[in-house]
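From first to last, the protein sequence lines stand for chains H and S. Going letter by letter, the first sequence gives residues 1 to 674 in the UniProt record's numbering. Going letter by letter, the second sequence gives residues 1 to 204 in the UniProt record's numbering.
Just so you know, these hints were derived from the structure itself, not from any lab. Quick reminder that beta carbons are idealized off the backbone N, C-alpha and C, glycines included. It is possible that part of the hints are untrue.
[What the hints assert, rightly or not] Here are the simulated DSSO-like pairs of lysine-lysine, each with C-alpha atoms no more than 30 Å apart in a straight line:
(1) H:K202 - H:K174
(2) H:K583 - H:K527
(3) H:K315 - H:K202
(4) H:K236 - H:K165
(5) H:K152 - H:K315
(6) H:K332 - H:K405
(7) H:K59 - H:K202
(8) H:K79 - S:K129
(9) H:K152 - H:K59
(10) H:K79 - S:K88
(11) H:K100 - H:K79
(12) H:K527 - H:K589
(13) H:K236 - H:K152
(14) H:K281 - H:K174
(15) H:K59 - S:K76
(16) H:K174 - H:K79
(17) S:K88 - H:K111
(18) H:K71 - S:K23
(19) H:K45 - S:K88
(20) H:K79 - H:K165
(21) H:K100 - S:K129
[As the list claims (entries may be wrong)] Label-pair ranges, simulated between beta-carbon atoms:
(22) S:Y92 - H:P20: 55 to 63 Å
(23) S:V159 - H:L33: 45 to 53 Å
(24) H:L33 - S:A33: 24 to 32 Å
(25) H:T86 - S:G108: 46 to 54 Å
(26) H:K202 - S:Q75: 32 to 40 Å
(27) H:T62 - S:V159: 46 to 54 Å
(28) H:D49 - S:D24: 36 to 44 Å
(29) H:D49 - S:V159: 27 to 35 Å
[To be verified] Beyond 10 Å from chain H on every Cβ pair, some chain S residues (computed):
(30) P22
(31) Q44
(32) I103
(33) A117
(34) L132
(35) I147
(36) P169
(37) S175
Chain by chain, the residues:
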Amino acid sequence: MTDTPEPGPAKLDISKAPRPIWTRLSVVWIVPLLALAITLGVAWKSYSDRGALIHIDFKDATGVEIGTPLKFREVEVGKVESVGFTSDLTQVRLGVRVDKDVSPFIDNQTKFWLVRPEVSARGISNLGTVLSGTYIEGFWNNTPNGYQDQFKGLEAPPISPDPSKGISIELSSKDAGGIVDGAPILYRGITVGHLQNLRLDKDGSGVIVDAFIEKPYSDLLSTQTRFWNTSGFSVKFDTSGLSLDVRSLATLVQGGVEFDTFTSGGGIVDNGQSFRLFDSKGSAENSIFQSDQIDPPRYSLLFDDPVQGLSVGSKVQFRGVEAGEVTGLAIKVHEDSAGQRFAQQQVTIALSPDRLGLARDTDAEQVSQFLEGQIENGLRARIASTGLLGGTMVVELTDVADQPKETMNLDAKPYPTIPTAPTSENDITKSAKGVFKRIEGLPIEDLMNSAIRTMDSISAVAENENTRKVPGELSGLLEQLRTFTADLNKQGAADKTVAALDRVTEAASSVLEEISGLDKTLASADKAATAIADMPLGDIGNKLDTILADINGLLNKPGTQDLPQSLNNTLEQTAAILEQLRKAGAAEKLNETLDATQQAAGSISKAADRLPELTQQLQDLVGQARALVATYGQGSNFSNETSNMLRELRRSIANIGAVARMIERNPRAFILGR
Amino acid sequence: MNALTATDAGLVGCTRCGRVWPKDEGHCARCGAHLQAVDRHRLQAVWAWWIAGMIFYIPANLLPMLVTTTLGNAQKNTIVGGAIELWKHHNYGVAMIIFGASIMIPVGKFIAVAYLAVSVGNESRQGGKPHLHMLEVVEFIGRWSMIDVFVVAILSALVQLGFVASIHPGPAAASFALSVAFTMLSAQSFDPRLIWRGPDRERK
Numbered sequence: 001m002t003d004t005p006e007p008g009p010a011k012l013d014i015s016k017a018p019r020p021i022w023t024r025l026s027v028v029w030i031v032p033l034l035a036l037a038i039t040l041g042v043a044w045k046s047y048s049d050r051g052a053l054i055h056i057d058f059k060d061a062t063g064v065e066i067g068t069p070l071k072f073r074e075v076e077v078g079k080v081e082s083v084g085f086t087s088d089l090t091q092v093r094l095g096v097r098v099d100k101d102v103s104p105f106i107d108n109q110t111k112f113w114l115v116r117p118e119v120s121a122r123g124i125s126n127l128g129t130v131l132s133g134t135y136i137e138g139f140w141n142n143t144p145n146g147y148q149d150q151f152k153g154l155e156a157p158p159i160s161p162d163p164s165k166g167i168s169i170e171l172s173s174k175d176a177g178g179i180v181d182g183a184p185i186l187y188r189g190i191t192v193g194h195l196q197n198l199r200l201d202k203d204g205s206g207v208i209v210d211a212f213i214e215k216p217y218s219d220l221l222s223t224q225t226r227f228w229n230t231s232g233f234s235v236k237f238d239t240s241g242l243s244l245d246v247r248s249l250a251t252l253v254q255g256g257v258e259f260d261t262f263t264s265g266g267g268i269v270d271n272g273q274s275f276r277l278f279d280s281k282g283s284a285e286n287s288i289f290q291s292d293q294i295d296p297p298r299y300s301l302l303f304d305d306p307v308q309g310l311s312v313g314s315k316v317q318f319r320g321v322e323a324g325e326v327t328g329l330a331i332k333v334h335e336d337s338a339g340q341r342f343a344q345q346q347v348t349i350a351l352s353p354d355r356l357g358l359a360r361d362t363d364a365e366q367v368s369q370f371l372e373g374q375i376e377n378g379l380r381a382r383i384a385s386t387g388l389l390g391g392t393m394v395v396e397l398t399d400v401a402d403q404p405k406e407t408m409n410l411d412a413k414p415y416p417t418i419p420t421a422p423t424s425e426n427d428i429t430k431s432a433k434g435v436f437k438r439i440e441g442l443p444i445e446d447l448m449n450s451a452i453r454t455m456d457s458i459s460a461v462a463e464n465e466n467t468r469k470v471p472g473e474l475s476g477l478l479e480q481l482r483t484f485t486a487d488l489n490k491q492g493a494a495d496k497t498v499a500a501l502d503r504v505t506e507a508a509s510s511v512l513e514e515i516s517g518l519d520k521t522l523a524s525a526d527k528a529a530t531a532i533a534d535m536p537l538g539d540i541g542n543k544l545d546t547i548l549a550d551i552n553g554l555l556n557k558p559g560t561q562d563l564p565q566s567l568n569n570t571l572e573q574t575a576a577i578l579e580q581l582r583k584a585g586a587a588e589k590l591n592e593t594l595d596a597t598q599q600a601a602g603s604i605s606k607a608a609d610r611l612p613e614l615t616q617q618l619q620d621l622v623g624q625a626r627a628l629v630a631t632y633g634q635g636s637n638f639s640n641e642t643s644n645m646l647r648e649l650r651r652s653i654a655n656i657g658a659v660a661r662m663i664e665r666n667p668r669a670f671i672l673g674r
Numbered sequence: 001m002n003a004l005t006a007t008d009a010g011l012v013g014c015t016r017c018g019r020v021w022p023k024d025e026g027h028c029a030r031c032g033a034h035l036q037a038v039d040r041h042r043l044q045a046v047w048a049w050w051i052a053g054m055i056f057y058i059p060a061n062l063l064p065m066l067v068t069t070t071l072g073n074a075q076k077n078t079i080v081g082g083a084i085e086l087w088k089h090h091n092y093g094v095a096m097i098i099f100g101a102s103i104m105i106p107v108g109k110f111i112a113v114a115y116l117a118v119s120v121g122n123e124s125r126q127g128g129k130p131h132l133h134m135l136e137v138v139e140f141i142g143r144w145s146m147i148d149v150f151v152v153a154i155l156s157a158l159v160q161l162g163f164v165a166s167i168h169p170g171p172a173a174a175s176f177a178l179s180v181a182f183t184m185l186s187a188q189s190f191d192p193r194l195i196w197r198g199p200d201r202e203r204k
């Protein structure tokens, strides 16, 4: 360009008036505006849809990383956004972004746990997570109940997260007794649920375990249902032999619980209800406590007397009805006003309200009030013994007469006290004790020793050679007797017997005299009978039982056991003698003798027919004899000898008569001397 | 720079065939194209597309580009994340291609177009031929940014093995495609004549 202006008029510098800015704007600006709107819109939407952030604390978070899903009923509803630690670094804190549509339902009842492959006695579970990785599972119900964003994760998956699939209850027991987490609940051998979350109770005096019973088995439960532990195996040895009871391998390994409803009338079971877990089926069946009576009212009894024989589990009777059991025995040392220390036996009892006649759900305070009233009317606790010999001790709550007025100490620790009365002894116990004392005083040992000595002497006699000769001699004797009798028969002994008849007559008359004396004897026998009747036979009967027991004891003493041995020896000897008797033919000879005797007796009887004649002859004979004697002269040697001889003869005849009578009456007595 | 520009000479060049015509001429008599005077206001379109492209470029980098599901385990990768992942797995070539096509080229384009647009009419930074070359390179290379989108599209189509492995495009894929398209439009709407236009003298 040159500085020289162009020739001609200067060109008019024409410029359009500047247009307003909006008219100068291009339409294309809509595009970035739209882009901005879309982007912001998408950003806002994703921000508003991103749901709530919750924090879950886990003890260990194996396999969890950012992006690990949170699942609800196996559907992903969130993701782990952050993995950090709690401020004290003891736990892993996972930040989980939960979808907006489920976050309102996450409330204080929500449970979270990690799902990973698990190998347990119940089997292998969650195998899918081997490939897909660990995930967090959550469970919540369908009623929003206050939003919460801080949770504590469960250490183990709950047995059943969904409460609508069954009933969850609590079992409490004295000890776990072989139960572990995950142990099965059996009903007639079928697994119907599982146990979990085994833990100590508040004060550590027992254990509590959660039990979940699946539907439809949960309908089997009622408030009367009783649970018992079937862990391990039971060995029973009784009259029917040895029996070993193992429920299943699973219960052997991880324990188990069985339940049954023994009585009707139970109510509906609610979730979370507590039940007592009994040690065995027997105790579950027989317990007087209802199964939902976890913590029955307890009382302390302080006894001055020893409580020997009482043990944990002993019965407590309320006016004769079983109403509780002894739960503890202890010694309590007190100090009286003088500073003297003395010990008392402290017995703790638990009472079942419904056995006291109160409602089942009566609380401890009401039971105490009831007992307070009863105590004012004379109710006392005392130790009593039951059973025939008083072997079983029980605690008795009963009215005791003539007791100083006392009241319950409701503030006593650990349990309210019930005033006590001295131990009672029943009548049987008393008399049994007396009998025992007397028996103890008897010189049983001496008695036994002398009995043994006697037996030994008898044995010695029986063993003696002379004794063994007896049968042989006896047989000879009988032989002689037989010949003698036969001779007698031959020689017409009957005639000679006539003289004996005088003696017989005499004997008869003396017998008559004796008979008149018999009256007196009978009278005295009568007296004796009445005296016997007057004796206190009732007492004897009462003591009979105890005496029998004593005799039993007596038989157990060492001396008694020797006695049968001696007896046995004696009997053997006797048997040997009898055997020899038999061998010697004593019986046959006896028979022969008896036959001869019979004949003799027959002749005697014939002779008796001729008695008057005979008497006459006898008298004649005697007269002749006298005459003869007179002929020889009195005082002569001959007559003296003759009358002696006659007297002898007469005595002999009389003796023979007596022997014959005896043999006729009882031949055996003649031989055996009885 | 004393070269006489067509505008200064009262002429207007045809954008299609390059023939110059007097300013008042409406249509190119040779090719029939509509003749349009060089107007700085046309830069508005460049900036508008540029901004739109920029807006979509942000989510394209923040959101996942690929969703890879292997055995039920879903993995989401952004563009940069994917490139880094490939680099970690020693696929250096692929990683560099992805990085170059998806990061370097778009970013370079943004810078180049913005530089060209800014330097229009700036007395001291009149460009001339280098600027024209730059514009040509931007226009040529811009389409290659779409390589990432194609990779995603092809992988999604090919890798559908159900539970074992499957690949799905993420929300970033659409954003990235839009962003690339907008930057291409931005470069296209830049009138190369403006490079020679110099400071606006119309208002003088």
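For H:K236 and H:K165, compute the direct alpha-carbon distance and say whether it is at most 30 Å.
Measuring from Cα to Cα gives roughly 38 Å; hence the hint is violated.
Taken at face value, is the distance from the CA of S:K129 to the CA of H:K100 at most 30 Å?
violated, 58 Å
Range agreement (Cβ of S:Q75 with Cβ of H:K202, hint 32 to 40 Å):
Given about 48 Å between the Cβ atoms, the range is violated.
Mind checking the alpha carbons of H:K583 and H:K527 for me, to see if they're no more than 30 Å apart?
The given pair, whose Cα atoms are some 50 Å apart, is violated under the 30 Å limit.
H:D49 versus S:D24 beta-carbon gap, inside 36 to 44 Å or not
violated, 59 Å
Does the Cβ pair H:L33, S:A33 satisfy 24 to 32 Å?
Hint holds: Cβ distance 30 Å, inside 24 to 32 Å.
Holds or violated: is the Cβ of S:A117 farther than 10 Å from all Cβ atoms of chain H?
holds, 13 Å
Compare the distance between the alpha carbons of H:K527 and H:K589 with 30 Å, and conclude whether the hinted pair is satisfied.
violated, 47 Å
Given the hint that H:K100 pairs with H:K79, test it: the Cα-Cα distance must not exceed 30 Å.
Satisfied, since the Cα-Cα distance of roughly 12 Å is no more than 30 Å.
Holds or violated: is the Cβ of S:L132 farther than 10 Å from all Cβ atoms of chain H?
Label holds. Min Cβ-Cβ 23 Å, cutoff 10 Å.
Does H:K152 lie within 30 Å of H:K236 when you go C-alpha to C-alpha?
Violated: H:K236 and H:K152 sit about 47 Å apart, past 30 Å.
Are the Cα positions of H:K315 and H:K202 separated by 30 Å at most?
Holds, at about 28 Å.
In the structure shown, a violation is registered for the earlier hints numbered 2, 4, 5, 8, 12, 13, 16, 17, 18, 19, 21, 23, 26, 27, 28, 31, 37, in ascending order.
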